[in-house]
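Respectively, the protein sequence lines represent chains G and Z. Residues 1 to 201 (my numbering) make up the first sequence, in order. Residues 1 to 281 (my numbering) make up the second sequence, in order.
Keep in mind that a hint or two might mislead.
[To be verified] In silico lysine-lysine, DSBU-like type, Cα no more than 30 Å apart, as pairs:
id	chain 1	residue 1	chain 2	residue 2
1	G	181	Z	266
2	Z	14	Z	130
3	G	2	Z	184
4	G	2	Z	75
5	G	2	Z	266
6	Z	71	Z	14
7	G	2	Z	130
[Unchecked claim] Facing chain Z, a subset of chain G residues (Cβ under 7 Å, in silico):
id	residue
8	19
9	22
10	23
11	24
12	27
13	38
14	42
15	46
16	53
17	54
[What the hints assert, rightly or not] Looking from chain G toward chain Z, a few residues come up when the C-beta cut is under 10 Å (computed):
id	residue
18	18
19	25
20	49
21	50
22	58
23	59
24	177
Note that these hints are calculated values from the structure, not bench results. Nothing here was measured: the structure is a model prediction, and the numbers come from that model. Here a beta-carbon is modelled for each residue, glycine too, at the ideal position from N, C-alpha and C.
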Amino acid sequence: MKMTPTDRILLLLTGLLAAYQVAVGINGLDEVPIIAYTIGFGVLLVAGLLLIILGFEALDSPVVVVVSTILPLAISLGLVWEHLASLRTAYLVFAIAGFLAVLATRAIPLKSKLPTLVLAVVHGLAGMTIFLLPSILAANRSMRPAFALVGLGGALIGLAGLLLSFLKAGRPIVPRETILKILPSLFLLMSVCFVAGFKFG
Amino acid sequence: MIAAKFTRFWPLIKPSQTGLLLATGIAGYMSAHTAPNFSLLLVMSASLFLAIGGSTIMNMWHDHDIDAKMKRTQKRPAASGELTRGEVFRVGMAVSILGIGWAVTVDALYGFIVFLGWFFDAVVYTLWLKRRTCWSILWGGISGAMPILAGRVLAVGEIEIIGLLLAAAILFWIPTHTLTFSIKFAEDYRAAGVPTFPSTYGLEVTRAVIALSSIIAAASIGVAGVMIGVQAGILRLLIVLSSGLLLLSFATIFRPSERVNFSLFKYASLYMLISMILLSI
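Just chain G, same shape as in the assembly (with noise of 0.2 Å):
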């Protein structure tokens, strides 16, 4: 499907806000938050930059899916190290040792479900936490109630994850038409969520 001007333009402006969070919003954290967010962000301008040059065929790369799990683990990780100091260690082993996981079953051509299984764990507890714990920082009022837009910028990534991955499979329950209409208004979206939650929240 070809890309029109206005996904390049939707493309463009979720560029931008990553560019933004990775220049400007992440400034005065500790060190680990902030290579977390950089890699988080970077991922998306880059990934936002590639799909404006490539059109919607880099989503055929097998890499996508490599790449599509830095983006949450990365700020899920940020968001842990934040808030979370007793998880910190446990959780900074989770993140690396779950991104070896799927770039290893990725790597490997295996024919049992352990790449889906894998994928599917890594990928989900990563996007929970990214959705329930801002929610949960917003609600108990530890955080600005603004926060909560980060939790729901993670539950557009796991849309976003979840229609990439039926369009991977080759299964979409939704056509593919339809996805890659859809994309770049969720990236947008979701950057919009985000960069919004960590300066207000």
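Using the hints provided, position chain Z relative to the given structure of chain G.
Structure of chain Z alone, referenced to chain G:
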């Protein structure tokens, strides 16, 4: 009448290429973060624009015969016969003298570097080496690196390591552009009898050179950024964008295809433009 003439002559300067090189010159000036002097910046932009445009017109004048043999370039005014060789030569010389002369009056060292850029492009690259060796692009690259060095020199008053690093970044970015074109339009270059890296060393070596030069360009930008003392956030952004460039460079080597190659070329152009803006902030 004047508008019609302008329309005919305008394509001679390859507006997008000249614009991009001018942008690097402005970025070189802005990278010094000195007190803003807009009139100086304006004069620099005008003189640089004329000098770059002048050397490009001289290239069009001399290469009209090989441009006419290549599909990609045969519609250029000098190649198609829309403008006579004499007209192109006269305009090229006039614009060049105006640009370089103006640059010298602004600042002697700045003017000398602008002249070097013109000389390497119009004389060394175009007149001397382009039809003899594929290594001519090295001199084309050095010429392309001069605007950013000139801009930096005008701002700081001397040739220093940061200016040279910025120039190196452009020098090593240019092969990404020219070599990609020489792969994509290999038939054109063969028909015109212009030696290129793919026709001399093969595709594999050419792709490796493209990837390696992109990596060196990114490293030069990064080191220059650190030495300039850009803010931490800008440095993070540069690292992120450089990672994308490295990713595509490795893909060019390990999963070579025309598509990946062209993507690297497009990304590298975008990367360079964004880097120039970031170094200017």
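Hint numbers not upheld by this structure, sorted from lowest to highest:
Hints 7, 23 and 24 contradicted; others consistent.
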